[in-house]
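Asker: In case you want the letters, here they are:
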Amino acid sequence: MATYQPTHAHTGHHHVHGPTRSAWDYWKRAIVGVITGVVLGFIITFLARWLFGFDGLWASQVYWSVCATLAGLGFIIGIGCFDWWWDYLRGRKVDYEDHSLHGARSIGDYFRPNTDHKVIGIQYLVLTFGMFIVGGILAELVRLELAFPGQTIADGETYNGFFSGHATVMIFGFVIPVFGGLANYILPIMIGAKDMAFPRLNALSFWLLVPAGVMLGLAQFVGAFSAGWTAYTPLALQGTTGQTLFEIAVQFAGASSIATALNFLVTVMTMRAPGMTVWRMPLFVWAQSVTAGLVVFGTPFIAGSQFMTWFDRVMGTNFFNVGGGGDVLMYQHVFWFYSHPAVYIMMLPGFGIISDVISTFARKPLFGYRALAFSTVAIAVLGFGVWAHHMFVSGMPGWLRFPMMIMTIVIAVPTGVKVFSWLGTMWGGKIHLKTPMLWAMGFVFTFVIGGLSGVFLGTLPADIQLTDTYYVVAHIHYVFFGGSVFTIFAGLYYWFPKMTGRMYNERLGQIHFWLTFVGFNATFFPMHWLGAVGMPRRVADYDERFADLNLFISIASLGMVIGTAIFFYNAINSWIRGPKAPWNPWRGRSLEWLVSSPPSLFNFDAVPQVVGGPYQYGLPGARHAVIFAGEDLGGGELTEVDRRTMLVVANESVGSQALTDRVRQLAASGVWRFTFLMPVEDGNNRAAERRLQSALSVLAAEGIDANGSVVSGDPLSAIRTAVADDDPQQILLVTQPRGASPWLDRDMVDRVRKASNRAVTHMVISGDDARTPTRSSAVQTIAVVANDAMGEGLATAVQERADGGPVSAVVLCPLSLDGPGWTDDAESVRDAAAERARAVIASLQEAGIPARGEVIDGDPAEAARIARDSYGATSVLVGTIAGRGDADIVEAVTAAAQPVPVEHVFVEAAPPAL
Amino acid sequence: MAADHAHAHALGHAPADKKPISQGVLAMVLFLGSEAMLFASLFTAYFMVRYNVAQNHWPPLNSSGEPFELPKVGTGVNTAFLVFSSFTVWWAEHRLKHGDRKGLERGLLVTMLLGLTFLVIQINEYVHLGFTPQDQAFGSTFYTLTGFHGLHVFVGLVLLLICYLRVKRARDFTPTFSTPLVAASLYWHFVDVVWVALYILVYLV
Amino acid sequence: MKSRHALPLALITIVVGALTAASMLLIDWYPDQASEQAPRVDHLLWFLMICSAVIFTGVTAVLIYCAWRFRVPEDDESEGPPNHGNTRLEIIWTVIPILLLVVVAVWAVKVQLDNEAVAADQTAISVTARQFVWEFDYPGTNVQSGDLRVPVGKQVRLDMRSPDVIHSFWVPEIRFKQDVVPGRTTHMIFDPTKVGTYPIICAELCGAGHGLMRGRLIVMPQAEYDAWLNQAKQQVAAPPANAPAPAATPGG
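Residue numbers (this note's numbering), protein chains in the order written: chain A, 1006 to 1919; chain B, 2 to 206; chain C, 62 to 313.
Hints may contain errors.
Claimed, not checked - Below, a sample of chain A positions facing chain C; criterion: calculated Cβ distance under 10 Å:
1. Ile1158
2. Asp1160
3. Leu1240
4. Asn1326
5. Gly1421
6. Gly1463
7. Asp1473
8. Val1538
9. Gly1618
Stated by the list, open to error - The calculated DSS-like cross-link candidates involving lysine-lysine, where the alpha carbons are at most 25 Å apart (straight line), are:
10. B:Lys98 with A:Lys1098
11. A:Lys1759 with A:Lys1439
12. C:Lys255 with C:Lys171
13. B:Lys169 with A:Lys1098
14. C:Lys255 with C:Lys215
15. C:Lys215 with C:Lys294
16. B:Lys169 with B:Lys103
17. B:Lys98 with B:Lys169
18. B:Lys103 with A:Lys1098
Note that these hints are calculated values from the structure, not bench results. All values reported here derive from a predicted model rather than from experimental measurement. A virtual CB, placed ideally from N, CA and C, is assigned to each residue, including glycine.
Model the full structure from these sequences, guided by the hints.
Answerer: Here's what the structure looks like:
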């Protein structure tokens, strides 16, 4: 399935490269690489052990280690990650801007090394969600065992392998890399860049994860990877092949993670669009950058811990061997020094996503943007100082527990600031409860619970009781699943249209959310109680009194399983055949919404200019960025060819304030030109043409490229023709609200989607709004002032003047009632006047002249003043009944309306036959 | 789209150097931060084993009842080689700035030779140390720290060799564009600094 | 806040608060208290629970209110007020948590120091944790037991060692837990206050038998304890026909 419009190979002053090989060619090499690695590993190990006379020529763990490592390296070399660099180091002429591996024209391009950050992002998402399924299966195996007390489905060693595998796969194979994948796709676009700083390194980062995933999966089958994902020594030293594969997989995953993080940091530091100061970056960029810093500086510690464990297990060293002077606790210090920042690596990007989602779906700027940014940094920095709160009962020096507790408690403050800021963003907004917003609000609920239980665990005396129990299991799942995974789903649904060019099914999305939300809370909330009353963690067997609750939990967990299945169905089905997605389905402001869905090969047509913050909802005219900026903003050239066409299908609302504002908004980014298509089904073409001229004049005066036509007959075939002729990128379909719209009654929106095969945005403009004309100097406003003379004659007079150019009309009926008070008489006089005015207004609307008006308590001169001052009238028609000698009225009006010209119209004194 | 190449051009495909911060150098600096943390984790192990477990009875007694011995003098000389090699690589970059390609080549060659000398002497010392990584936590931490350092020296040599090959075969690097060279030399300086720290903290203190 | 929000928000808060309070008060959250340490820990836990309930109630009520009150139909294209923040509010919601947390921190330090206060008179017992049994040795005697028997009312000090991997000694009713680490001796003190039998649970993953590694803490009146100890000493001193006390029986 192609995701981009076809592009051809890079031409110009760059090297032209031949057609790229098929994915299968790369995989053939990769398989050769793996086999070579295994064989080479075997030979090297054998020779080394033989020549150096090591004990145990066949020490299996050494062979496994060397062969697995070389197989992994063989894979990434074979698949082609180093091809360009191989040419480089041999001194060949290389093109730094070699894009031969860029972009995806077919599905095969996703299965080979690709330098396009968008392709890499999708590769990550697919791989990590595959790991999610593996981790989920392991979780359900755990719950299956725990459904009943006693050893039910597996022995102790195997069961320990289940939860060890579950956690490891979820942490290293899913949560940490999935944010990398999502950010890989979105972040460069969000900062206005054409790709990441190092696209080839980006590709390598992804492929490094594949051997890691394979090894973790394989580890379940080769035994004894059962010391938990924490792999404490000395227990881990009792592990065998599975443990070895775990240790090596962690190194590959860590290398992948660090390489990606380096890429993000350099990209954000050097490739932001002009005008994007750090205070104009979306919070997702803040969060991802800070996370990248954590990854770069923290991950080496887990690498160190796994190196040392591996050395002890496989080479007989004494890091953790008590008999040899080793320090058992040292493992925990080194391990947790990374693994605590790791939990922030797994959470901070999610915070960034939630900030963006809540702002967009509440239509409000972020509450406390700077506080949110600073708190992100604070959490990351403080996060390096709290590792030993995982070790309160470990036997570490007693004095250390107190500063660790204090620092841990301190972290609750910036975290709380974030939660309150999100609530502040929602408050008073215009909330659209679409699926991304559901996940975001659900996240706030579950994350607060997770954070609060974290305070318990950070409080030393409480932790002593609660650590190593199911209370911790509850806490970690509330922050990992209720936290990280909820934000991952929020981000996925939010950016799904952008990445795939299709809309997901909203109903299925909502079902996914609710099933998961209920299932999740039912599964994990009871675990707080289980831990508090005495169920330890990492056990297959438990007290009889916990049996019912454990069974309930195991059954409740199926809610998440079913929800996930629905998600997969929705994602895949929508990707293949969902309705086309517009550029900006959520009317967001950040840069990714100003490009097509999916974006073109290099994202932008011209360098975007950032002129404001990304969350300026509610401020008319506020802009975050423009893609075609005027010379004064240093804009780049955007040629006629580059502008995209938007087809606007509307009738009554053309020329109205609402539709014109919307067109102005869309035009602000500089990307669009507009073609109006006005399908007329009631034969009133003249009126439609008037409205069109009015609208086009306004737009032309504002420099917006627009044209249009009025078409009779079947709207659907008119649209088909327009699509064929103008090739619009997107269609804006305007209708009345449901119930008042014959189009909606005929399901026009869906029919247009199918007929045009374009992204269709549906905008609803009510009848009243459609009749409110836009204010603009390009349109003449004629005021009609009359009382008894108000009638058809004046309507005709306005129409005659309308033929000389676009006009809108203001109908004013002045009533000078004799005497004060509100008598019944006065009431009926007023009603009659209002009726006359309404009739004239309707008549003008019928003729395609936007009109409005009112009854005024005052004399005609007063009405003239109001027309000039409040309505901006450019001329006044005063009507009197012929033969009534109202010359003084005309004089008064002429004087009052100065300098606006006044014309006098005689009307026949006919009975009001309208 | 028909004008993709024009777009790409408009977006500025300039090599990284045209930006105020060179992207390649920035990446290397951050990467060195991460490598520093790797060594920090190994040093952590060393200090915990030495002060927590052995209570600073260091070096501990080996199986013959004698304290382990480290060749401070020999390694001191070796350290001097490595430190000097940092100067030679700096000198090579300096010569490039003046357009002296021969100087660049010679500087790189001498640096690599010095680095290779360092490695050979280290390996020779390994053979003659009289203890193995399996000899108590002392042996384990010593060999791991120095071994990881040696691996980094090896990688540094490879980076310098790549630069050398580019200079010779591709006539690469100019006074205005030498990012890979700068990155490689930064890496080399890092390796040097780590060694000095290691020598002081492990051999001398 | 505008007054039209106050009443519905208050109603929602009351409902949510009531549900939260019910779950807090109607469920037995903690085991029996069998030590002097336990009530101190429990009071702190209750304070944390109350604070948590209040914060949770507030957040949930606001969430529900926002989803109900500020929701607009899909067609609504308007935007919310361009409100970027409110400094006073931000200060309030930073300062109040800080104050609460200061209270928690100070209280926690006090509880911990009180709980670790060493008494003059201690019963010291050596604990050996191995894969997957608990063994208890009474110093000054050759008595070895699979159950941990202690006299009530007198501080117990456990000196714990492991010959293989890390284990963790935990009795929920005591509210103390301490890892047993190979290569060093870790210590734990507690003051048992209630006669009874309590489970000793291994709380650190130690291998395939981790879930089954249980022991029994038997708190006995002083007289019974003395009697048991004497009898045990005699059994050990007696000819080999009387084997020493058996290894721990998993149970509890």
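Asker: Please go over all the hints and tell whether each is borne out by the structure.
Answerer: Comparing the hints with the structure gives:
{"no.": "1", "hint": "Ile1158", "in the structure": "violated, 14 Å"}
{"no.": "2", "hint": "Asp1160", "in the structure": "holds, 7 Å"}
{"no.": "3", "hint": "Leu1240", "in the structure": "holds, 4 Å"}
{"no.": "4", "hint": "Asn1326", "in the structure": "holds, 9 Å"}
{"no.": "5", "hint": "Gly1421", "in the structure": "holds, 5 Å"}
{"no.": "6", "hint": "Gly1463", "in the structure": "holds, 9 Å"}
{"no.": "7", "hint": "Asp1473", "in the structure": "holds, 4 Å"}
{"no.": "8", "hint": "Val1538", "in the structure": "holds, 6 Å"}
{"no.": "9", "hint": "Gly1618", "in the structure": "holds, 9 Å"}
{"no.": "10", "hint": "B:Lys98 with A:Lys1098", "in the structure": "holds, 22 Å"}
{"no.": "11", "hint": "A:Lys1759 with A:Lys1439", "in the structure": "holds, 23 Å"}
{"no.": "12", "hint": "C:Lys255 with C:Lys171", "in the structure": "holds, 23 Å"}
{"no.": "13", "hint": "B:Lys169 with A:Lys1098", "in the structure": "holds, 12 Å"}
{"no.": "14", "hint": "C:Lys255 with C:Lys215", "in the structure": "holds, 11 Å"}
{"no.": "15", "hint": "C:Lys215 with C:Lys294", "in the structure": "holds, 21 Å"}
{"no.": "16", "hint": "B:Lys169 with B:Lys103", "in the structure": "holds, 10 Å"}
{"no.": "17", "hint": "B:Lys98 with B:Lys169", "in the structure": "holds, 17 Å"}
{"no.": "18", "hint": "B:Lys103 with A:Lys1098", "in the structure": "holds, 21 Å"}
Checked against the numbered hints above, the structure violates only hint 1.
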